[in-house]
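There are 2 protein chains.
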Amino acid sequence: MGSGGYLNYKMEISYDGTRYYGWERQPDKDTIQGKLESVLSVLNGTSVEVIGAGRTDAGVHARKMTANVRLETELSPEGIRDYMNHYLPDDICVNKLVVASDRFHARYNAMGKLYTYTCYVGEEKPVFDRRYVTVLDFSPDVEKMREAAGYLTGTHDFRAFCANPKMKKSTVRCVDSIEILRKKDRLYLNFHGNGFLQNMVRIMTGTLLQVGEGRIPPERVREILEGLDRREAGPTAPAKGLCLMKVDY
Amino acid sequence: MGSGGYLNYKMEISYDGTRYYGWERQPDKDTIQGKLESVLSVLNGTSVEVIGAGRTDAGVHARKMTANVRLETELSPEGIRDYMNHYLPDDICVNKLVVASDRFHARYNAMGKLYTYTCYVGEEKPVFDRRYVTVLDFSPDVEKMREAAGYLTGTHDFRAFCANPKMKKSTVRCVDSIEILRKKDRLYLNFHGNGFLQNMVRIMTGTLLQVGEGRIPPERVREILEGLDRREAGPTAPAKGLCLMKVDY
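Residue numbers (the working numbering), protein chains in the order written: chain D, 1 to 249; chain A, 250 to 498.
Only chain D is shown next, with the shape it has when bound in the complex (with noise of 0.2 Å):
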């Protein structure tokens, strides 16, 4: 396992990603996976490549983010680990961390995301987590909602709910489940799939608030999908409402 007296690592991570650029790399501005990088390089003694399942938007939430990253150091995976939650500032954390086969890798592998969007609901204001919930300002009905994510589900090709207008790679995706829940003065979308385009939970979260709000009615939303164009379906839900909560591999 390794390569000369490296191995290869995989990590979960959380972050509230209120402060920083999205997870992406960027000169100049914070970003996770730069953070990540940066106090990673310091331990190995030479700037390491840290590989994410994926790039969240500027704003957005990781509970379980994955990455692997490959590292040459005499430190356990527990004081690796260690190592990281000392150096990385307090809104990151890597809950997790083992030695992975050295053919793992966090994007190439993996098999399926879970992505949570909440809103606030209540009557109130969400005074301790309002970094991570969207207020919406009616309430929501949920079986249209639910009806109108029926037609997202399953696989089709997402172009109108991808913010990209020129992708030039298939906008063909998988989206296994949409789960709405209501609990108390919040209301979840659980989104489910085996990929995700540049703000598409976010677009389809949007669209299904419309539905929710009585604005358009729940059949709309297959003719959008239907129609192909990005400017037939919702606003961008805000991105401090969204967490990617877990990646299947």
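Everything labelled a hint here was simulated from the structure, so no lab data went into it.
Worth double-checking, as some hints may not be accurate.
To be verified - Some but not every residue of chain D turned toward chain A, in silico, with C-beta under 8 Å:
(1) Tyr15
(2) Asp91
(3) Cys93
(4) Val127
(5) Phe128
(6) Tyr132
All figures in this text were calculated on a predicted structure; none of them were measured in a lab.
Virtual Cβ for every residue (Gly too), placed ideally from N, Cα, C.
Following the hints, put chain A in place on chain D, whose structure we already have.
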């Protein structure tokens, strides 16, 4: 009810105290009382005084601070509440607002208060509620903490647990109960009493945590209490772990 066109209103307020200089109004500083009064003074057309059940320190949170205020307005209680929530920042919320008896005084009529101090005792980092918990780097001995807490329960002179060494008024208080609970990766200290001195909950917490860490034996807490000397007690635990949970009337 009411004098002139004024009515006395009782309200319950939650706030994330992170960015405030505490409850009490101060010139040129953001405080909770200051924010409430500034919003209500606009509504009322003249300056108003919001009377809180007590003062929380800088950085301390509340889930149900109680306050009263006299207002002359044509808005209904729900209307006042909605107005306030609209103009207050998103880290302060008025959860409830009702017309009270003209004699109701949030401070004088307060019979008891419940404060909860929350510590994180897990292996990871509390990424999503890091502003509301204090991270411990040891696993506390809860049984010893409970034994020590027993010495603090009841009516005592708490001078050793008061931040103000020149306190001229009585430092006798009654602490009805101190409950110490470990739930998964959280340690909760619930303090119920008829009133607390300046920093008293945080100094009791700092002292009990020293017992939990094994730095001082439980019996030492009785000596500290009897010694009436602040310097003998433990450190003042950080503000961010403390939250005023409710006020009894």
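Now the hints, each set against the structure:
Below 8 Å, beta-carbon pairs count as interface contacts, and Tyr15 (chain D) has one with chain A at about 6 Å; its hint therefore holds. The closest approach between the C-beta of Asp91 (chain D) and any C-beta of chain A is roughly 6 Å, which is under the 8 Å cut-off, so the hint is satisfied. For Cys93 (chain D), the interface hint holds, since its Cβ comes within 8 Å of a Cβ in chain A; the closest pair sits about 4 Å apart. Of the supplied interface hints, the one on Val127 (chain D) holds, with its beta-carbon coming within about 5 Å of a beta-carbon of chain A, less than 8 Å.
Hint on Phe128 (chain D) holds. Least Cβ distance to chain A is approximately 6 Å, under the 8 Å limit. Evaluation of the Tyr132 (chain D) hint against chain A yields a held restraint, the C-beta minimum of about 7 Å falling below 8 Å.
Of the hints listed earlier, there is not a single one the structure fails to meet.
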